[in-house]
Amino acid sequence: MKIDMNKRDSVIRMTGINPRTCMKCGKCSATCPSFDEMEYHPHQFISLVEAGRVDELMASESLYNCLACMACLERCPRGVEPAKFVEAVRNLKLREHGGNHLAPEAIPEMLDADLPQQAIVSAFRKYSK
Amino acid sequence: MIFSYYPGCTLRTRAKDLDVYARKCALALGVELVEPKDWQCCGVVYPLAGDEIAHRLSAVRVLQDAQSRSVSVLTVCSACHNVLKQCAYDLKNDADFRNKANAYSEFDIPVTGEVDVVHYLEMLRDTVGFDTIKQKVVNPLTGKKIGAYYGCLLLRPGKKMGFDDPENPAIIEEFIKALGAEPVIYPYRNECCGGYVTLENKPLAQKKSQTVLESAKEMGAECVITACPLCLYNLKKNGGDTLPVYYFTELLAEALGVK
Amino acid sequence: MQRIGVFVCHCGTNIAGTVDVKTVAEMLGKEPGVVFSTDYQYMCSEAGQTLIQDAIKEHNLGGVVICSCSPRMHEQTFRKACAKAGLNPYMVEVANIREQCSWIHKDVAEGTEKAVILGRAAIAKVHLNAPLTAGESPVVKRALVIGGGIAGMQTALDIADAGFEVDIVEKNATIGGKMAQIDKTFPTLDCSACILTPKMVDCAQHEKINIYAYSEVEDVKGFVGNFSVAIRKKARYVDETKCTGCGICTEKCPVKNIPNEFNMGMDNRRSIYIPFAQAVPKIATIDPNTCNKLKTGKCGVCSKVCGAGAIDYTQKDEIIRREYGAIVVATGFNMIDMTKFDEFGYAQSKDVITSLEFERLTNAAGPTGGTLLRPSDGKHPHTIVFVQCCGSRSTTENGKPYCSKICCMYTAKHAMLTREKYPDTDVYVFYIDVRTPGKNFDEFYRRAVEQYGVHYVKGMVGKVAPRADGTLHVQASDLLAGEQLHIDADLVVLAGAIEPDKSARGLATKLTASMDTNDFFTEAHPKLRPVESPTAGVFLSGVCQGPKDIPETVAQAGAAASKVIGLLVKDKLTCNPCVAQSDELLCNGCSGCEHVCPYGAITYETKEFMQFDRSMKPRRVASVNPAVCQGCGACTVTCPSGAMDLKGFSNRQIMAEVDAICK
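Going down the list, the protein sequences come from chains H, W and G.
Residues in the first sequence are numbered consecutively from 1, following the working numbering.
Residues in the second sequence are numbered consecutively from 1, following the working numbering.
Residues in the third sequence are numbered consecutively from 1, following the working numbering.
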């Protein structure tokens with residue numbers, strides 16, 4: 001398990017939130033609609049970032065299953081806003097060389113006649129740089 | 001009353017119904033909609049990480065245009081509304097972002113965020129008034145049981161959006177009543193439809209959309225209305241033919257007799 | 001010029017750690033008028049005090065400056081010590097070089113420099129000090145207790161048993177408070193009403209206790225020993241001297257659909273009502289907002305059926321003014337509004353209830369006669385989910401940042417009693433932490449888990465979704481298993497945060513008692529004076545000071561009573577001699593001081609003054625009642641002509657201090 005305090009500090013800078021304000025109640029993971037799809041659950045994002053274990057999160061598919069629905073952010077009793085941590089860790093990954101998750105070439109296959117471009121733009125914003 | 005009407009990209013292509021009926025109804029209700037010049041895509045998703053500046057600049061431009069013309073921005077699409085409203089909030093309250101946004105752009109008048117971003121539903125409630133709408137309804141949707149689907153983007157983050165109680169909203173239900181129909185309250189009206197994940201993880205989007213529609217159906221809804229093109233897509237495509245789904249503007253146009 | 005002695009305290013390393021005390025003593029020894037200067041490890045110790053006393057005698061000191069901790073801590077100690085050596089106690093000044101210097105500085109040079117400056121200011125002031133003599137004021141031997149819950153009742157009973165008169169002012173129609181609504185008490189499980197109602201009766205029958213129920217405090221004047229309080233006795237529209245509490249009116253009243261507050265709105269009462277069978281006083285009350293007769297003039301059924309002729313539709317609110325020596329605040333608490341946390345569905349389902357509603361559902365005098373039934377359909381719930389910390393420990397806008405303290409234990413009680421009475425019921429408790437510090441508390445909670453089979457799950461509920469079939473889909477996390485749980489529950493019980501009663505804020509203003517950011521009353525010292533407010537003569541009892549359970553409340557109520565008794569046994573109180581006085585020759589009669597005085601200590605009188613031509617002319621001048629003045633100084637800064645001055649803190653003294661600091 002690799003500890004990287006620089007990455008931790010980057011995430012904290014991006015979110016503007018101190019992960020130590022988390023009281024580990026688990027309400028974020030209780031409310032997460034993507035829980036079953038995620039290897040690391042919202043509350044673990046907070047704990048692992050706090051511990052500097054950002055690489056494990058960056059390697060996980062969990063980054064791409066967050067729906068950005070903001071339910072965890074809304075319901076957190078301590079204002080920790082886990083969705084922001086998921087996004088910040090994903091940004092660290094996307095900003096690496098070759099870190100993009102979604103390539104433009106892959107798009108045509110995903111399209112159907114009704115798909116609003118809102119979906120494609122959202123996915124590009126979330127999945128690539 | 002004049003609004004700077006920001007339709008957003010999707011309303012020009014896949015979600016024409018949302019836009020066309022919004023315009024027709026505004027005309028019928030005496031609300032003037034003026035499109036800002038040269039608008040571009042708002043960015044669709046508002047970044048959750050504070051260090052993303054460039055992603056927010058096109059929203060900044062829309063807000064600066066409205067601010068310099070002293071009009072409120074009116075949106076219909078939930079995603080546009082979420083981006084513009086959050087962006088205005090951050091411009092107003094986050095000096096660092098405000099300074100950077102102004103430094104990137106060359107505005108004659110610096111952007112301050114002192115501009116109201118109003119959703120079409122809020123306009124109906126606060127500017128026109130649901131009572132006035134009730135009087136103008138020519139085809140009341142009497143007896144129709146309708147579930148309001150809020151999704152995520154109209155409501156959250158509650159502190160920045162200030163749209164309604166994020167856990168127990170009422171505005172679309174009030175709207176449904178104004179049309180003469182009966183609102184059906186169901187618990188998943190503010191839970192996610194799956195959003196953009198439909199591109200990569202269709203089963204997940206299907207699970208989420210089905211949960212929403214099944215919950216609405218179980219509580220007695222005959223159809224569901226929404227303000228978001230992506231929600232409409234997910235519910236229709238991934239929701240498994242459970243219930244018909246419409247844009248709220250379409251029902252409004254029908255009730256006002258302008259469809 | 002005074003002969004001044006300076007005494008610099010080390011306070012162990014508290015001061016000496018960041019202030020070079022030897023240098024301070026040496027530097028201050030060079031100040032004009034200082035004839036003796038020294039330092040010592042603990043100036044407040046017996047040896048330290050003796051050192052001061054010996055120096056006073058040996059050097060014939062006329063003024064003393066102690067450089068030590070805050071005067072709030074030890075000013076009295078040093079004044080007493082100096083008085084014993086024959087010095088007027090008001091010739092002693094304390095320079096606070098601990099809280100205001102050593103504790104906030106890290107650099108020794110900086111700390112030392114500041115300590116010298118603070119010492120200089122105190123020396124400059126002492127030069128202008130004059131001996132003061134404290135006056136005396138009488139003590140009214142009666143106490144007022146505001147709030148008639150268990151806290152107020154216990155305080156009143158303890159004071160009354162010591163032989164003093166006590167008035168209880170309760171805003172509701174009956175005393176009893178929250179404890180009257182509770183079914184059983186933890187951890188002994190004795191019946192709440194069985195131990196409470198005898199106390200209510202004791203209060204009613206005690207010859208020294210007078211209950212003003214359905215009344216509120218209107219205003220408070222005066223000061224410790226001599227408060228004057230106006231009490232608004234709200235109109236009940238029932239003559240208290242005639243009503244026998246037979247209850248026939250409450251059965252015949254045609255307005256039947258008023259939510260019954262006592263049962264948390266889960267059943268209805270009539271417009272004329274008696275809150276519950278054991279109410280004290282047991283007198284009917286007409287709710288003026290719903291009574292047909294009072295609203296429209298048509299009805300009058302209660303008047304017709306009342307055999308005692310007690311109904312009086314013309315009754316008006318009555319203001320009663322009474323004098324008290326001491327006031328006890330016991331205003332209690334309420335649960336916060338759970339509709340603000342509607343991820344739990346409280347506003348969207350009748351079967352999502354608060355813990356207090358659960359108490360009523362299990363209480364024999366409650367809406368279901370003590371059988372646990374769902375509010376929606378009256379069926380037995382078979383799966384119950386308890387959610388802890390709903391709004392407690394929350395830094396969000398709608399929540400409370402503190403732990404409400406009582407919820408862990410009452411939830412364990414609810415869970416245990418449910419399992420005992422209905423063994424076929426599955427009971428889940430979602431917790432963040434289980435907090436059970438208290439005698440037999442943790443054993444009680446463990447019994448719920450180990451003997452009664454309550455499922456305690458570490459995690460929080462994220463969403464409660466009501467379904468068409470009446471079940472509640474509970475989505476929660478089980479942090480220890482690393483799972484998201486989905487439970488189909490029949491009943492969800494929310495342990496909502498508690499907050500001080502809304503009336504407390506207004507009352508604090510009337511009493512000039514301070515509150516914290518959560519509207520809990522502040523105590524005079526968090527450890528050493530926990531039942532006194534910083535306002536002399538105002539005492540605190542129960543949850544108005546901070547969350548606490550019944551045993552703690554009763555203990556604190558007794559402590560507050562003992563403090564009140566300690567005050568009331570005195571025939572006279574020593575007044576603070578640092579009071580305002582007006583120079584009649586300078587006073588221009590503007591009344592500015594009279595308007596700002598929070599204690600009503602200033603009056604104006606017309607006096608004859610000699611003119612330049614030796615003729616006499618009448619003029620309005622301010623006059624301060626030294627027994628009422630609390631020495632706050634508001635008048636001295638308001639006075640435009642400089643006529644008003646505060647003894648011991650005169651304008652000259654303060655300017656001398658400022659000059660010394662700026663030198």
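Please note: incorrect hints may appear among the correct ones.
Unchecked claim - Result set (DSS-like, lysine-lysine): computed pairs, CA atoms no more than 30 Å apart in a straight line:
#  : chain 1 : residue 1 : chain 2 : residue 2
1  : G       : Lys340    : G       : Lys242
2  : G       : Lys502    : W       : Lys159
3  : G       : Lys405    : H       : Lys24
4  : H       : Lys93     : W       : Lys217
5  : G       : Lys379    : W       : Lys217
6  : G       : Lys548    : H       : Lys24
7  : W       : Lys92     : W       : Lys37
8  : G       : Lys502    : W       : Lys177
9  : G       : Lys298    : G       : Lys282
10 : G       : Lys340    : W       : Lys217
11 : H       : Lys24     : G       : Lys439
12 : G       : Lys458    : H       : Lys2
13 : G       : Lys282    : G       : Lys199
14 : G       : Lys242    : G       : Lys256
15 : G       : Lys340    : H       : Lys24
16 : G       : Lys234    : G       : Lys208
17 : G       : Lys548    : W       : Lys144
18 : W       : Lys160    : H       : Lys7
Stated by the list, open to error - Label pairs and their computed distance ranges (CB to CB):
#  : chain 1 : residue 1 : chain 2 : residue 2 : range
19 : W       : Asp51     : H       : Asn100    : 28 to 36 Å
20 : W       : Asp126    : G       : Thr603    : 48 to 56 Å
21 : W       : Asp96     : H       : Glu105    : 17 to 25 Å
22 : G       : Asp469    : W       : Val138    : 48 to 56 Å
23 : H       : Ile107    : W       : Asn99     : 47 to 55 Å
Unchecked claim - Derived coverage of chain G by chain H (criterion: at least 3 residues anywhere in the stretch with Cβ under 8 Å from a Cβ of chain H; other residues may be distant):
#  : segment
24 : 393–400
25 : 462–476
Quick caveat, the hints were computed from the structure, so don't treat them as lab data.
Being a predicted model, the structure only gives us computed values, none of them experimental.
For each residue, glycine too, the CB sits at the ideal point set by N, CA and C.
Cross-check of the supplied hints:
no., hint, verdict
1, G/Lys340 with G/Lys242, "violated, 44 Å"
2, G/Lys502 with W/Lys159, "holds, 25 Å"
3, G/Lys405 with H/Lys24, "holds, 18 Å"
4, H/Lys93 with W/Lys217, "violated, 41 Å"
5, G/Lys379 with W/Lys217, "holds, 25 Å"
6, G/Lys548 with H/Lys24, "holds, 25 Å"
7, W/Lys92 with W/Lys37, "holds, 23 Å"
8, G/Lys502 with W/Lys177, "violated, 35 Å"
9, G/Lys298 with G/Lys282, "holds, 26 Å"
10, G/Lys340 with W/Lys217, "holds, 26 Å"
11, H/Lys24 with G/Lys439, "holds, 27 Å"
12, G/Lys458 with H/Lys2, "holds, 28 Å"
13, G/Lys282 with G/Lys199, "holds, 15 Å"
14, G/Lys242 with G/Lys256, "holds, 24 Å"
15, G/Lys340 with H/Lys24, "holds, 22 Å"
16, G/Lys234 with G/Lys208, "holds, 23 Å"
17, G/Lys548 with W/Lys144, "violated, 52 Å"
18, W/Lys160 with H/Lys7, "holds, 28 Å"
19, W/Asp51 with H/Asn100: 28 to 36 Å, "violated, 18 Å"
20, W/Asp126 with G/Thr603: 48 to 56 Å, "holds, 54 Å"
21, W/Asp96 with H/Glu105: 17 to 25 Å, "violated, 37 Å"
22, G/Asp469 with W/Val138: 48 to 56 Å, "violated, 39 Å"
23, H/Ile107 with W/Asn99: 47 to 55 Å, "violated, 36 Å"
24, 393–400, "holds (count 5)"
25, 462–476, "holds (count 4)"
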